[in-house]
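Sequence order for the protein chains is A and B.
At position 43 of the first sequence the residue is numbered 43 (the working numbering), and the sequence of numbers has no breaks.
At position 139 of the second sequence the residue is numbered 139 (the working numbering), and the sequence of numbers has no breaks.
Treat the hints with care, as some may be off.
Said to hold, decoys possible - Once the Cα atoms are required to be at most 20 angstroms apart in a straight line, the calculated PhoX-like pairs of lysine-lysine come out as: (1) Lys76/A to Lys79/B; (2) Lys56/B to Lys76/B; (3) Lys94/B to Lys77/B; (4) Lys59/B to Lys274/B; (5) Lys77/B to Lys76/A; (6) Lys76/A to Lys84/B; (7) Lys56/B to Lys76/A; (8) Lys270/B to Lys254/B; (9) Lys142/B to Lys21/B; (10) Lys254/B to Lys56/B; (11) Lys3/A to Lys43/A; (12) Lys77/B to Lys91/B.
Please keep in mind that the hints were generated in silico from the structure rather than gathered at the bench.
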Amino acid sequence: MRKILTALVRAYQVATTNIAPRCKYYPSCSNYAITAIGRYGVKGLAMATWRIVRCNPWSQGGVDYVDAHLDCADVKNAIYDNEKEVVGAN
Amino acid sequence: MGFILNPLYNIVSGVIVFIHKLLTPVFGANSGVTWSLSIVGLVILIRIILIPLFVKQIKSQRALTALQPHMKEIQKKYKDDRQKQSEEMMKLYKEHKTNPLASCFPILAQAPIFFALFTVLNGIAAKTPEGVSAPIARGFLKGEYLDSAAQATFFGAKISQSFLGSTDTTVKIVTVLLIIFMSATTFTTQRQLMVKGMPKMDASNNMMLQQQKIMLYLFPVIFAISGVNFPVGVLIYWSTTNLWTWGQQYYVIKRNPTPGSPAYEELQRKRAHKEKLEGKNHDGIDQNEATEPEVQGQREQPKKKKKKKK
């Protein structure tokens with residue numbers, strides 16, 4: 001089920017690459033959906049639906065991660081830097 | 001699903017039947033033109049409803065010029081970290097309460113309408129296992145309307161038939177032509193935006209050009225695969241909405257282009273040129289403007305009147 005849904009979202013992404021980017025959020029609704037469905041399954045699907053509803057002409061958008069403490073750039077960079085340090089130490 | 005879809009069937013079929021009623025005195029109740037234009041009318045109605053959203057988006061895109069220095073700064077600061085760059089960019093938009101992007105909901109909200117139209121039209125074409133046509137009524141498309149719609153044609157092809165579902169050569173030719181038309185409008189829309197409508201970018205431009213080239217070949221394939229399964233009526237809907245998108249974009253690029261785009265520079269040049277001309281024959285222009293109030297009956301005075309207002 002998760003694989004099918006993810007494949008559908010991917011198909012949507014491929015089909016719309018030609019249209020200028022339209023999502024008001026980062027990550028985009030489709031990427032958000034892929035992460036959410038991968039992590040939470042049906043609950044993730046509901047999260048993704050709610051995200052799409054929020055992504056309307058009256059919203060201001062912004063940064064909105066599925067799990068900010070796992071996904072945001074600073075966290076990822078911190079992990080990356082740690083790995084580098086470990087490699088350096090070796 | 002029924003509780004979501006039934007209202008949609010009602011809306012779609014209601015609009016189609018309503019436009020059909022309006023057009024019946026002009027083209028006749030059973031004419032294919034009436035039914036085709038009813039579908040076109042549905043598209044026009046939906047797109048008119050969406051215009052305010054489009055205008056809103058254009059306005060926030062224009063507001064972006066003021067943020068240009070900030071954006072450059074962010075791009076420079078995080079040039080090696082695309083994720084951080086995107087994050088900061090979004091934060092900047094939010095801070096300034098402007099977001100140039102269109103938002104996902106409106107486009108996805110159109111999908112159920114498309115699906116409902118597909119089902120309604122497929123219902124018209126429904127057959128019993130023995131191959132006898134047995135149209136299924138959905139929403140307001142029932143009774144005499146259903147029978148009439150089942151016989152309606154678009155350039156000789158029944159609007160309820162699809163490429164794969166019919167042995168009729170005319171249906172096959174019309175669907176192929178519509179698919180070519182859809183691919184062409186999508187591609188030109190895309191190309192127009194690429195070449196004229198977007199601010200010049202340094203690195204990403206190349207990537208976009210590349211994508212555009214892929215799309216040139218991919219789009220006819222996508223349309224062909226899905227198009228052969230769709231009834232002619234759905235293809236009419238799709239073609240019209242594509243054409244509308246093209247026209248809307250053409251208008252914006254010509255009259256109100258994005259600052260920094262080639263079309264914008266062109267418009268600036270034109271305006272500068274016009275101003276120059278106006279500067280040269282200032283009297284001539286003034287007279288032209290002054291002729292307007294003349295309609296109200298005063299023949300000699302308008303020029304003076306205008307000065308007073310200033």
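Structure-based check of all given hints:
| no. | hint | result |
| --- | --- | --- |
| 1 | Lys76/A to Lys79/B | 16 angstroms, holds |
| 2 | Lys56/B to Lys76/B | 29 angstroms, violated |
| 3 | Lys94/B to Lys77/B | 19 angstroms, holds |
| 4 | Lys59/B to Lys274/B | 25 angstroms, violated |
| 5 | Lys77/B to Lys76/A | 17 angstroms, holds |
| 6 | Lys76/A to Lys84/B | 10 angstroms, holds |
| 7 | Lys56/B to Lys76/A | 35 angstroms, violated |
| 8 | Lys270/B to Lys254/B | 11 angstroms, holds |
| 9 | Lys142/B to Lys21/B | 14 angstroms, holds |
| 10 | Lys254/B to Lys56/B | 18 angstroms, holds |
| 11 | Lys3/A to Lys43/A | 15 angstroms, holds |
| 12 | Lys77/B to Lys91/B | 15 angstroms, holds |
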